[in-house]
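Protein chains in written order, with our numbering: chain A, 1 to 464; chain B, 1 to 446.
Hints listed in this document are in silico derivations from the structure and should not be mistaken for laboratory results. Check before you lean on any hint, since a few could be wrong.
[As the list claims (entries may be wrong)] FRET-style restraints, in silico, Cβ to Cβ:
id, chain 1, residue 1, chain 2, residue 2, range
1, B, 417, A, 231, 53 to 63 Å
2, A, 397, B, 120, 39 to 49 Å
3, A, 8, B, 27, 44 to 54 Å
4, A, 181, B, 120, 47 to 57 Å
5, A, 21, B, 120, 21 to 31 Å
6, A, 102, B, 11, 22 to 32 Å
7, A, 42, B, 150, 14 to 24 Å
8, A, 463, B, 413, 50 to 60 Å
9, A, 57, B, 27, 56 to 66 Å
Every residue, glycine too, gets a C-beta built ideally from N, C-alpha and C.
Chain by chain, the residues run as shown.
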Amino acid sequence: MRRLLAGPLRVVNVGLSAFARELAANGVPVVQVDWRPPSRFQPLLTGLEARAQAIEAANTETLRRMLAAEPVLVGVRRAGDLIRELDAERLILHAGPPLEWERMCGPLRGAACGAIVFEGWASDLVAAEKLVESGGVRFAPNHHFGAVGPMTGITTRSQPLMIVENRAFGNRALCAINEGLGKVMRFGGNDAEVLARLAWLRDEFGPLLHQALQASGGISLSPIIARGLTMGDEMHQRNIACSALLLRTLASHIAAAANSQSAARALGFIGGNDQFFLNVGMAMGKSITDPASGIAHSTIVTVMCRNGTDFGVRVSGLGERWFTAPVEMPQGLFFPGYSAADANPDIGDSAIVEAVGLGAFAMAAAPAVAGFVGAGGFEDAVGYTRSMAEISATRNPKWQIPALEFAGTPTGIDIRRVVETGIAPAINTGIAHKRAGVGQVGAGIARAPLACFEQALTAFADAR
Amino acid sequence: MLANRVERGRYLDSVALMRVSRRVGALAGVEAAAVMIGTPSNKALLREAGLLSADGERAEPNDLIIAVRASNAGAAIDSAVAMLAEKPEQRSGLRTTGSLRRGLDLEPQANLALISVPGAFAAQEARNALERGLNVMVFSDNVSIEDEVALKRLAKERGLLVMGPDCGTALIAGAPLAFANIVPRGEIGIASASGTGLQEVSCLIARLGGGVSHGIGVGGRDLDERVGALGMLSAIDLLDADPATKTLVLISKPPSPRVADTVLARVRQSKKRTVVCFLGSNGATLTEAAEQAMGKKLAADTPSPGRAKGRVLGLYCGGTLAAEAELLLGGAGECVDLGDDQFTRGRPHPMIEPELRNEHIRKALADPGIGVLLFDVVLGFGAHADPAGVLLEGLKGSKKIAIASVTGTEQDPQGFSRQVAKLRAAGVHVAPSNAYAARLARSLVS
Numbered sequence: 001m002r003r004l005l006a007g008p009l010r011v012v013n014v015g016l017s018a019f020a021r022e023l024a025a026n027g028v029p030v031v032q033v034d035w036r037p038p039s040r041f042q043p044l045l046t047g048l049e050a051r052a053q054a055i056e057a058a059n060t061e062t063l064r065r066m067l068a069a070e071p072v073l074v075g076v077r078r079a080g081d082l083i084r085e086l087d088a089e090r091l092i093l094h095a096g097p098p099l100e101w102e103r104m105c106g107p108l109r110g111a112a113c114g115a116i117v118f119e120g121w122a123s124d125l126v127a128a129e130k131l132v133e134s135g136g137v138r139f140a141p142n143h144h145f146g147a148v149g150p151m152t153g154i155t156t157r158s159q160p161l162m163i164v165e166n167r168a169f170g171n172r173a174l175c176a177i178n179e180g181l182g183k184v185m186r187f188g189g190n191d192a193e194v195l196a197r198l199a200w201l202r203d204e205f206g207p208l209l210h211q212a213l214q215a216s217g218g219i220s221l222s223p224i225i226a227r228g229l230t231m232g233d234e235m236h237q238r239n240i241a242c243s244a245l246l247l248r249t250l251a252s253h254i255a256a257a258a259n260s261q262s263a264a265r266a267l268g269f270i271g272g273n274d275q276f277f278l279n280v281g282m283a284m285g286k287s288i289t290d291p292a293s294g295i296a297h298s299t300i301v302t303v304m305c306r307n308g309t310d311f312g313v314r315v316s317g318l319g320e321r322w323f324t325a326p327v328e329m330p331q332g333l334f335f336p337g338y339s340a341a342d343a344n345p346d347i348g349d350s351a352i353v354e355a356v357g358l359g360a361f362a363m364a365a366a367p368a369v370a371g372f373v374g375a376g377g378f379e380d381a382v383g384y385t386r387s388m389a390e391i392s393a394t395r396n397p398k399w400q401i402p403a404l405e406f407a408g409t410p411t412g413i414d415i416r417r418v419v420e421t422g423i424a425p426a427i428n429t430g431i432a433h434k435r436a437g438v439g440q441v442g443a444g445i446a447r448a449p450l451a452c453f454e455q456a457l458t459a460f461a462d463a464r
Numbered sequence: 001m002l003a004n005r006v007e008r009g010r011y012l013d014s015v016a017l018m019r020v021s022r023r024v025g026a027l028a029g030v031e032a033a034a035v036m037i038g039t040p041s042n043k044a045l046l047r048e049a050g051l052l053s054a055d056g057e058r059a060e061p062n063d064l065i066i067a068v069r070a071s072n073a074g075a076a077i078d079s080a081v082a083m084l085a086e087k088p089e090q091r092s093g094l095r096t097t098g099s100l101r102r103g104l105d106l107e108p109q110a111n112l113a114l115i116s117v118p119g120a121f122a123a124q125e126a127r128n129a130l131e132r133g134l135n136v137m138v139f140s141d142n143v144s145i146e147d148e149v150a151l152k153r154l155a156k157e158r159g160l161l162v163m164g165p166d167c168g169t170a171l172i173a174g175a176p177l178a179f180a181n182i183v184p185r186g187e188i189g190i191a192s193a194s195g196t197g198l199q200e201v202s203c204l205i206a207r208l209g210g211g212v213s214h215g216i217g218v219g220g221r222d223l224d225e226r227v228g229a230l231g232m233l234s235a236i237d238l239l240d241a242d243p244a245t246k247t248l249v250l251i252s253k254p255p256s257p258r259v260a261d262t263v264l265a266r267v268r269q270s271k272k273r274t275v276v277c278f279l280g281s282n283g284a285t286l287t288e289a290a291e292q293a294m295g296k297k298l299a300a301d302t303p304s305p306g307r308a309k310g311r312v313l314g315l316y317c318g319g320t321l322a323a324e325a326e327l328l329l330g331g332a333g334e335c336v337d338l339g340d341d342q343f344t345r346g347r348p349h350p351m352i353e354p355e356l357r358n359e360h361i362r363k364a365l366a367d368p369g370i371g372v373l374l375f376d377v378v379l380g381f382g383a384h385a386d387p388a389g390v391l392l393e394g395l396k397g398s399k400k401i402a403i404a405s406v407t408g409t410e411q412d413p414q415g416f417s418r419q420v421a422k423l424r425a426a427g428v429h430v431a432p433s434n435a436y437a438a439r440l441a442r443s444l445v446s
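Bound conformation, chain B alone (with noise of 0.2 Å):
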C-alpha cells in the first residue's frame, strides 16, 4: 500500500533525510521509502519511484514529504516521524589518533605510554616510546625475555621505568593503570612481581586504613635470573627517591637466590621502612606484608563452617592469588590458576570474563573427593561488573563448603562490601583475605 504524509513548513537537512529514507526502507514489511522535501526535482523523483500519491503531488518546497510503500504504511509513516525526532547520540570525547609520534602531537607532556598491542609488536611500540622519552608500562603478554632484558636495559641507560612486560596493573600518582583498583593515596609503596600480588596487598593496605603512594608492576619474570631484577632495582630507586613513600613493599614470587641476594642488598642501603614478600620463602604472605606494612592486623571474623570431608580445590582467577593459596593448603588440596595460557587460549582472562571459571565448578561438584571450594573474587576497572554473582551462578544447588576472598576496595566499581554481601548471602563463607582464606579451608579438612 503506497501512503504519503505531508508535514506543512518542515524544513531537515537532505542528509539527514536520506538516513532516515534508509531505516525506514529497512523496516519489515515496508518496499520502499523516501522523506524528501517537496520540490518539484523531488517530487519528480518520487514520481518516477512510484512513492507520490495525491497527497505528496500538493506538498510545496517548504513541506516534507514521508512517503512508503509497505504492508502496514501507516506504521511506517509512524517509525519514520520518530526517527525524525530522534537526537544523535554523544560520544566519548576521548582525543584519538593513529600512532605513538601523532599521540605526542597532541600530549607533548605525556611521561608514560601504557601499552596493549599484540605480544610481538610491543616491544617495539616500547621501544619507540623510550625512544622518544617516555616510561612505558607493557600490559601484553608474549613478549620475548631477550626484548625484556632489552628493553629494561635501555630504560636504565635513559633514566626511564620500564613496567612488564605483562605487568596488569600498576598505580602511579593516584591513578589506577590497566587492571587497578581505586586505592586511596597514602605512604606506602609497592614494587611487585605480581598482578593480582599488587592489587590483593594495595586492596588490604586499604582496607586497613591506609594508602598507596605508587604501586609499580615490573612484570612476573622481572626476578628471573636472566632479567636480574632490573625492573624491581628501578622500581627500588624510583620509591627511594619519592618523597610521598615512607614505607616499602616488595612482592615478588619465589626469586633465584643470586637475584633476591641483589635486591635485598639494594634494600639495606635504603633509609626507608622496607617489607619483603616473596613467596614461598620463610612463609610469607601478601597479608602478612600489608598487615606489616600497616603494622596491624585485619579482624579475622569468619565463623569456622565445620569441619568437611575430602580435599580442598582452589579455582582461582589470579596467578599469584592462586599459588599463594596452594602453599597454605600445604598438601590439604590443590589450587587451579584458569588464567594460565591453556584455560585462556582464544578466551577472555576469567577475571574479565569469569564464566570460565563455573565449567570447573561443575565438574568439582559432581566430585565426591573434594570437601571445600575455594574461589577468589577480583574487582577494579577492568574486571567483570559483577564477578560475584556470576561465581553463585556456578555454586546454584551445591553443598559444598564455599570460602572466597575478595580483592577489591570500596570505591571499585563493583563495591566491596556489595560482591562480599552477596556472596555471604548465598550461603558463601567470605574470608578477609585470600590468605585467611586459604588456612580457614585447610583447617576444614585437617
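So that you can see chain A by itself, here it is in the shape it has in the complex (with noise of 0.2 Å):
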C-alpha cells in the first residue's frame, strides 16, 4: 500500500482512454485497457483456471514443436503419386473445412468443374456439373490429407503439387504452384486459358521445378522468411522480397536443369509472379503446425482455413475436430470496375499462414499492406501485429520485425485469449469474385468468426 504514495505511479487505465492520454501527458507510464463488457464465455474461461497448470504444459510443448520446425521446400512431385486416394478415386481436394456440392460458393464450383475437365472426367463444364451432380466425384478438404490450397484450392490427381518436408519431424505437406495472377483456377477460373496454364505448370515446370530443387539439395525456408520479413512482406498479401530470394536460389539450377527456352519460360514465370512464395509459405505452415497438432489439453489453434462458405478451425488439444462458422466477407480495396458487391466471401487455407504468425499477424513488418484496410499508415500496420500478440502465446525469435525492434512474429493462438478478449484473428486475403471464372477483384482483410473459437473453448471445457 505504501507504494502507492511512495510512487513514481504506473497505471492501469481501463475504460475511457482520455483518462490515460491525460496521465501520459503528464509523464506517468500507463497502459490503456479498451474494455468490452465480459464475454458471456467467462464462466469456462474461470473453469478452466482449475487446468492453467496442465494447458500451460501441453501450450509450452506445441509451441517448442512450432519453433523448433526446419521446413525445406524439397520437391515438386504429381499429386496422385503424393496422395494414393487421389488415384484410387475421382476425388477432388478443396480449401476450407468439409462442404458439400450444395453448399459451395461460385468460385469453389467453378474451378472444381475446371478441375474436371482438366482431368478429362468431363469434356466441358456443364458436362462437369452434370458429373458432380449425379455423385461422380467424391469432395474433401485439403487439410484431411496434409495440403493447402489457396482461395479455392483445388487440388487433383495430376497437378504438380510442390512438397515441403519439416525435417525436425521428418513430416511433409503439399501445395499447388502459384498460378500467378489474372484469372487462375484458385480464384475460379476454368477457361482454356486457365487450363493451358495447369498443362504447362504438369508438364514443363513442374518437373524442372523438381529438378531444380533436387540439384540444390532443398531450400531451407525459415531463413528466407526471416529475410522478406526484414525486406517488407509479411508473406500473404505481400511475397515479393521471399518470390525474389526463392528465385535468386534456385535460377542457376533452373538454368542448369534445363534447356534455355524452358528455362527462360520457367524463370520469367516465377519472376512475373510477385505472389509465387505464398504457396510455398503455405506449405511450409501446414508442416510446421502438423507435429504441433493432437496435443492434449494444448488450447493452441493448428489450423485456420476456409471454403468460401464456412470457416473452420482446429485445435492442438482437440485434435482433427473441426469447429465450424460462416465466413465473414472481406473488408478491402477493388480492382477498377469491381465493389464489394462483386466480392465472394472468404476463401483459402492461406490462413495457415496466420497460424505460425505471418500474415496479418507480420503486418508491422509490411507497412506497405496495411492500407487495405481503412486509414491504414505505418501505426496501423504495427497496430494489428499488437493486437495479434494479444491473443497469441509467444513470439517467434526465428522471425524478427525490424520496425518493432526486432520483436518476434507472435506465434501460437491461443483459443482462450481469442474468446476472453473479443479479439477475432485477422487474415490479409486476395478477394474473389463471387461468380465462377472472373478470377481476383481485390484484396482485403478477413476476420475469423468468433464462434469457431467459442465452439472450440465450449468443447475444450467438456474434454477432460
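Join the two chains into one complex using the hints; note that each chain is given alone, in its own frame.
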C-alpha cells in the first residue's frame, strides 16, 4: 500500500481513454485497456483456471514444436503419386473445412468443374457439373491429406504439388504451384487459358522445378522468411521479397536443369509473379503446425481455413475436430470496375500462414499492406501486429520485425485469449469474384469468426 | 468526360494507389476513377473498365496513370495528385490492450487501476484489479453500496486502497487522475469524500502558494453508516505514514455521527496537524479548510455590486459546491446541482458540457423573483475547454447580477486567470472562492 504514495505512479487505465492520454501527457506510465463487456464464455474461462498447469505445459510443448520446425522445400511431384487416394477414386480436394457441393460458393464450383475438365473426367464445364450432381466425384478438404491450397484450393491427381519437408520432425506438407495473377483456377477461373497454364505447370514447369530443387539439395525456408520480413513481406498479401529470394536461389539450378527456352519460361514465370512464394509459405505453414497438433490439453490453434461458405478451425488439444462457422466478407480495396458487391466471402487454406504468425500477424513488417483496411499507415500496421500479439501465446525469435525493435512475430493463437479479448484473428487475403471464372477482384482483410473459437473453447472445457 | 494523366517514372505501392482510387471515385461528379502503375495487366484492367484514354495507352510500366471519368475530370485529377502527396496522420503512441491481465503484462510494475467502465461491470473489474495486487480508483458510478463495502473490505485485507466508486478526481504523487486540476506538489495531504470538494480545496491551496502531496478521493458514500469510512480511514493511514505529507485535510458532506466519531478518534492518534471539513457541521467551508491548512487567508477583493431585490439562484455543475453554497445562503435562495442524475440522464455531465446550464439560466432570467445568479466554473482535465465562454453565452442580454467563482489553477488547460478575466470583462462578479461567492450573493439580497 505504501508504494502507491511513494511513487512513481504506474497506471492501468480500464475504460475512458481520455484519462490515459491525460496521464501520458503528465509523464505517468500508463497502459490503456479498451474495455468491452465480459464474454458470455467467461465462466468457461474461469473454470479452465483449475486446469491452468496442464494447459500451460501442453501449450509449451505445442509451441516448442512449432518453433523447432525446420521446413525445407524439397521437390515437386504429381499429386496422385503423393496422395494415393487421388488416383484410387475421382477425388477433388478443396480449401477449408468439409463442405458438400450444394453449399459451395460460385468460385469453388467453377474451379471444381475446371479441374474435372482438366483431368479429362468430363469434356466440358456443363458435363462436369452434371458429373458432380450425379455423384461422380467425391470432395474432401486438403487438410485431411496433409495439403493446403490457396483460395478455392482445388487439388486433383495430375496437378504438380510442391513438397515441404519439416526436417525436425520428418513430416511433409503439400501445396499446388501458384498460377500467377489474373484468371486462375484458385479464384474460380476455368477457361481454356487457365487449363493451358495448368497443363504447362504439369508438363514442363513442375518437373523442371523438381529437378532444380533436387540439385539444390532443398531450400531451407525459415531463413528466407526471416529475410523477407526485413524486406517488407508479411508472406500473405505481399511475397515480393521472398519470391525474389527464392528465384535467386533457384536460378542457377533451373538454368542447369533445362534447355534455354524452358529455363527462360520458368524463370520468367517465377519472376513475373509477386505471389509465387505464397504457396511455398502455405506448405511450410502446414508442415510446421502438423507436428504441433494432437497434444492433449493444448489450447493452441493448428489450422485456420475457409471454403467460401464456412470458416474452419482446429485446435491442438482437440485433434482433428473441425469447429466451423459461416465465413465473413473480407473488407478491402477493389480493382477498377469492381466493388464490394462483386466479392465472394472469405476463402482459402492460406490462413495457415496466420496460424504460424505471418500474414496479418506480421503486418508491422509490411506497412505497405496495411492500407487495405481504412486509412492504413504504419501505425495501423503496428496496431495489427500488436493486437494479434494479444491473442498469441509467444513470439517467434527466428522471425523478427525490424520496426518493432526486432520483436518476434506473434505466434500460437490461444483460443482462450481469443474468447477472453473478443479479438478475432485477422487474415490478409485476396478477394475472389463471387461468380466462377472471373478471378481476383481485390484484396483486403478478413476476420476469423469468433464463433469457431467459442465452440472450440466449449468443447475443450467438456473434454478432460 | 474521360481523362488520363500519366506521371513518368513515378512508382507508388499499389495499396496506396487503391486507396487514392477509392477516394477520388467518391468525389462529387466522379463516375469512375483508378490510379495505377502502367503495367500491361493494369492497362488491360483500365481498358476493360473503359478508363484508358490514348494518353494512358502510351504509359509504360514505370509510369503512373491517373484515370477518371467525371463531369470535371481535370479537377478530379488534381484532387488525386493532391491525395498522392498527402502524408499519413500521426497517431498517439498510447499502449493499448484488451484486458486488465494483458495490461499488466505490458506494465508489470503498475500500482493503480483507474476504472471507468459501466457501473454494472465496475465492481468486477475492481475486484480483478485488487486480486492482482493493484490499488484501485473507481470513477464509475452506479455501483451498489454492497459492492462498495465488499471491495473496500477486500482492499483492507490485501493492504490496498480503493478510491470510489464515483470518485471523480484524485491527485497521487503529483499526477492528476480523471477530472483533476494541475496542482503543485506540497505538504498537504487531502482525503475527500467529495470530488469537487477535493478540487476546490486543492486549487485554493495552490492559489495560497501551497501544494498538495496527495489528494485521495474515497467516494461520496464513504462516510455513510453502511460503509463506515473504510476508505477515509485507509486514506488517513496512508497519509499519516507518508513522509511527504505534513498536514492532513479531511473533506466530506455531513457524515453520520457514529462514523464521524470513528474518523475523529483515528485523527486524534495522528501526530500530524489535521483540518477536518465536514460540510454542514460547525459552519465549516472548503475555503476555510484550505485557509486553515495554509495558515493564511484568501484576499477578498470582490467589490460589492450593490443591493438586489429577490432571491439568489445558484446553478451548479459541482455537487459539493452547490451544497456548500446552499448552506451559506441560509435561506436567501437555493442551489441546483445540475450534475444530479435527474438532469444528466442520457447527457454528459455539465462539467463536460456546460451548455446544459444555459437552459436553466434562460428560465431564471425570465423569473422576476430571482435577483442574483450564482455559478461555479470548474476547470481542469476532462472539463470543458472554455466553461466561462459557455456561461457568458447563456448570460447574453442578462440584467441580473451574476456572481461566480472559478475552481482551477493557472496550470490547468483552461488557465485560471484567462477564465476569470473573460468573466469580469463581461460584467460577472468573480469571487475568490465558492464560499466567498455565496456569502457575497447572500449579502446583496438580505
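Structure versus earlier hints - violations, ascending order: Hint check: 6 fails alone, others pass.
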